[in-house]
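Following the hints, put chain F in place on chain L, whose structure we already have.
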Amino acid sequence: MNFRFPQRIALWLSRYLQVVPIEDTYLSRVQIAKKVTLSPAVVRLNYFDRSPFTSGGILYVRQKEDLNLWFLRSDNSSAWVNIPEAYLLYRTYAADLEEGIIVFPKQNCTAYLIIKSGKLIAQVVVSRERWSAEYESELFQLLTREHSLNQPTILRHSSTTLLHPDWRVIQACLHWDFNLSQLLKGGFKLFQGPLIVYLVILSAYQLFTLQRHEGHHEQLQIEQVEIKSHNRPLKQHYKELQSEVNFWKEFSRTEIHRPNLQQLLGVVADATAADSGTILMFRYAGNNVTARIQIQSGAAGLVRRLLDSGYFQQVKVISSRQSRQDKGLQEIDIALQLKTTGPAPSEEESS
Amino acid sequence: MIDRRLLALLFMMAFYIFYVRPQVEESQQLAGQNIIMRSSIAREQVLAEKLEQHPEKLTRLIEKIRFNRSLFFPAEMDNSSALGKLQQLIKQAAVASGVELNQSHWGEPIVVDLLNIARLPLSLTIHGGAAQLDQFRWRVLNSGILVEIETAQIQKKSADNLLLRVGLVGFKFLRPPTEFKDQSLAPLQVPTPAVKIEVGR
Numbered sequence: 004m005n006f007r008f009p010q011r012i013a014l015w016l017s018r019y020l021q022v023v024p025i026e027d028t029y030l031s032r033v034q035i036a037k038k039v040t041l042s043p044a045v046v047r048l049n050y051f052d053r054s055p056f057t058s059g060g061i062l063y064v065r066q067k068e069d070l071n072l073w074f075l076r077s078d079n080s081s082a083w084v085n086i087p088e089a090y091l092l093y094r095t096y097a098a099d100l101e102e103g104i105i106v107f108p109k110q111n112c113t114a115y116l117i118i119k120s121g122k123l124i125a126q127v128v129v130s131r132e133r134w135s136a137e138y139e140s141e142l143f144q145l146l147t148r149e150h151s152l153n154q155p156t157i158l159r160h161s162s163t164t165l166l167h168p169d170w171r172v173i174q175a176c177l178h179w180d181f182n183l184s185q186l187l188k189g190g191f192k193l194f195q196g197p198l199i200v201y202l203v204i205l206s207a208y209q210l211f212t213l214q215r216h217e218g219h220h221e222q223l224q225i226e227q228v229e230i231k232s233h234n235r236p237l238k239q240h241y242k243e244l245q246s247e248v249n250f251w252k253e254f255s256r257t258e259i260h261r262p263n264l265q266q267l268l269g270v271v272a273d274a275t276a277a278d279s280g281t282i283l284m285f286r287y288a289g290n291n292v293t294a295r296i297q298i299q300s301g302a303a304g305l306v307r308r309l310l311d312s313g314y315f316q317q318v319k320v321i322s323s324r325q326s327r328q329d330k331g332l333q334e335i336d337i338a339l340q341l342k343t344t345g346p347a348p349s350e351e352e353s354s
Numbered sequence: 017m018i019d020r021r022l023l024a025l026l027f028m029m030a031f032y033i034f035y036v037r038p039q040v041e042e043s044q045q046l047a048g049q050n051i052i053m054r055s056s057i058a059r060e061q062v063l064a065e066k067l068e069q070h071p072e073k074l075t076r077l078i079e080k081i082r083f084n085r086s087l088f089f090p091a092e093m094d095n096s097s098a099l100g101k102l103q104q105l106i107k108q109a110a111v112a113s114g115v116e117l118n119q120s121h122w123g124e125p126i127v128v129d130l131l132n133i134a135r136l137p138l139s140l141t142i143h144g145g146a147a148q149l150d151q152f153r154w155r156v157l158n159s160g161i162l163v164e165i166e167t168a169q170i171q172k173k174s175a176d177n178l179l180l181r182v183g184l185v186g187f188k189f190l191r192p193p194t195e196f197k198d199q200s201l202a203p204l205q206v207p208t209p210a211v212k213i214e215v216g217r
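Protein chains in written order, with our numbering: chain L, 4 to 354; chain F, 17 to 217.
Looking at chain L on its own, in the form it has when it is part of the complex (with noise of 0.2 angstroms):
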């Protein structure tokens, strides 16, 4: 498939595109191997004696093992790519033609490419001033005989309208000149300069953020001396204080731990009353009462009633007998355990 640039990409690809004209080359044929691997410096370094110019450029088109040389006049193109104008005329009216002579009249010449086996083999350029049909019937002849040509077809284009050249005409004339070293010089001097500005402005940041850090660094050490000063004694009196609440705490859990007399003895004494009795003898160490009561009933009303009172974890009746000085009464030990969890009496309450 031949695909064409669309009108305006072709226009701006122009820019860096030169058709150089017929009259101005001269073609040259040769055979090379599939392998061999082509540069503009290689084809001028090799091909180059069989230019007739004495200056002057090279353009070449490979087609597999055979390599057309146009040899240019001069050499003083600046576009990207240079297309010979024979190749673009063969691309464009004939690359479909098996065998033949096409004739492209031109405002100051004639010119006549021979195709031969689908390639193109030779191009003549003929002045307007040395042109007639005679001259160009014996041209024919001359290069039907000269290359061998049977009964070759004559195509014969009038147009001049200016010729855009596709893709695969660009690609066939493009030869690229790749030296890595000397891209990258080219890279390296075309970065030298805006590298030199980030590594100054780098540098400039860099060298800022730490002097602000410094200044950050400085000032957050005052801080932190002041704070701490101010707070050492705070918290040393502090640590004081927790120390000496601990000590209480420790204290008070070990040390101290008498029931209120007052009220224990009220407790009992209300239980004893309950019956009409009388407490004879009340004694207590630790958790532990041991009381002698003299009770006009049995021991079981004054043992639940002590126990509904909720402060003692155990009642126990050690001995019950009759009293000796009235025979009506009963006097009973019992022995009372405090619980250990409980409404605890408190110091307010004993003072």
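Calculated from the structure, these hints are not laboratory results.
What you are looking at is a predicted structure, and each value in this text was computed from that prediction instead of being measured.
Some clues are possibly wrong.
Pairs of lysine to any residue residues, derived as SDA-like cross-links and limited to a Cα-Cα distance of at most 25 angstroms, are as follows [what the hints assert, rightly or not]: (1) Lys107/F / Asn118/F; (2) Lys73/F / Val248/L; (3) Lys192/L / Phe34/F; (4) Lys238/L / Lys73/F; (5) Lys252/L / Val127/F; (6) Lys192/L / Arg21/F; (7) Lys80/F / Trp251/L; (8) Lys107/F / Met93/F; (9) Lys342/L / Gln169/F; (10) Lys66/F / His240/L; (11) Lys67/L / Ile124/L; (12) Lys107/F / Ile259/L; (13) Lys192/L / Gln174/L; (14) Lys73/F / Glu253/L; (15) Lys119/L / Glu102/L; (16) Lys238/L / Gln103/F; (17) Lys252/L / Phe34/F.
This is chain F only, laid out in the frame that chain L set:
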């Protein structure tokens, strides 16, 4: 000839690598330290606010601690003197409340080194009426010295004569406790006279 621009570039690169770059590392370290210091300062500020937020609470606490300490015999006093003093206080309470103090025995002081205290035991035998004994008990407990009643025995001898056998313990510091230095935070005030162990109850 070496390009001037190339020379400038080489100079800038050398300047950056050998001078700026090490300082950048230092700068990063400083930045890290600054973050740590900021958080440390913030913590200290929060602590300061907490400590200073309720000075009256601290003052009250110190008052209570000082009052509690005053309930102990001082470390400077030896055990015998302390026991003698305790006995004297008991006698005064007995005289004031009208009870008859029959016997008074000193026990062997017990050292509780962990708490920095010595327990000073004293056993008493007292005769008196119920109201007098209660008054005696009240006076002992409000004598200005912490007295722990460890054992008590009340026995009825006659209609208005009770026998009270009681085992008391007073407390003495082994070593003087740490004094609070900051007087501004802890103004010493005279507390109301009452036997109160405020802390831990």
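Hints, one by one, checked against the model:
1. A distance of roughly 10 angstroms separates the Cα atoms of lysine 107/F and asparagine 118/F; the hinted pair therefore holds under the 25 angstroms criterion.
2. A hinted pair counts as satisfied when its Cα atoms are at most 25 angstroms apart, and lysine 73/F with valine 248/L qualifies at roughly 13 angstroms.
3. Simply put, lysine 192/L and phenylalanine 34/F have alpha-carbon atoms about 24 angstroms apart, close enough for the 25 angstroms limit, and the pair holds.
4. For the hint linking lysine 238/L to lysine 73/F, the alpha-carbon distance of about 16 angstroms falls within 25 angstroms, and the restraint holds.
5. About 18 angstroms separates the Cα atoms of lysine 252/L and valine 127/F, which keeps this hinted pair within 25 angstroms; it holds.
6. For the hint pairing lysine 192/L with arginine 21/F, the CA-to-CA distance comes to about 9 angstroms; that is within 25 angstroms, so the pair holds.
7. Among the hinted pairs, lysine 80/F with tryptophan 251/L is consistent with the structure: their alpha-carbon atoms are about 11 angstroms apart, no more than 25 angstroms.
8. The hinted pair formed by lysine 107/F and methionine 93/F meets the criterion: a straight-line CA distance of about 20 angstroms does not exceed 25 angstroms.
9. Taking the CA atoms of lysine 342/L and glutamine 169/F, the gap is near 19 angstroms; set against the 25 angstroms cutoff, the hint holds.
10. Simply put, lysine 66/F and histidine 240/L have alpha-carbon atoms about 13 angstroms apart, close enough for the 25 angstroms limit, and the pair holds.
11. With a C-alpha separation of about 14 angstroms, the suggested pair lysine 67/L and isoleucine 124/L falls inside the 25 angstroms cut-off, and the hint holds.
12. Annotation: proposed proximity of lysine 107/F to isoleucine 259/L holds, straight-line Cα distance about 23 angstroms (limit 25 angstroms).
13. As the CA atoms of lysine 192/L and glutamine 174/L are separated by approximately 29 angstroms, the hinted pair breaks the 25 angstroms bound.
14. In summary, the hint linking lysine 73/F to glutamate 253/L is supported, as the alpha carbons are separated by about 21 angstroms, within the 25 angstroms threshold.
15. For the hint pairing lysine 119/L with glutamate 102/L, the CA-to-CA distance comes to about 4 angstroms; that is within 25 angstroms, so the pair holds.
16. With a CA separation close to 41 angstroms, the supplied pair lysine 238/L and glutamine 103/F exceeds the 25 angstroms bound.
17. With a CA separation close to 64 angstroms, the supplied pair lysine 252/L and phenylalanine 34/F exceeds the 25 angstroms bound.
The structure shown violates the earlier hints numbered 13, 16 and 17.
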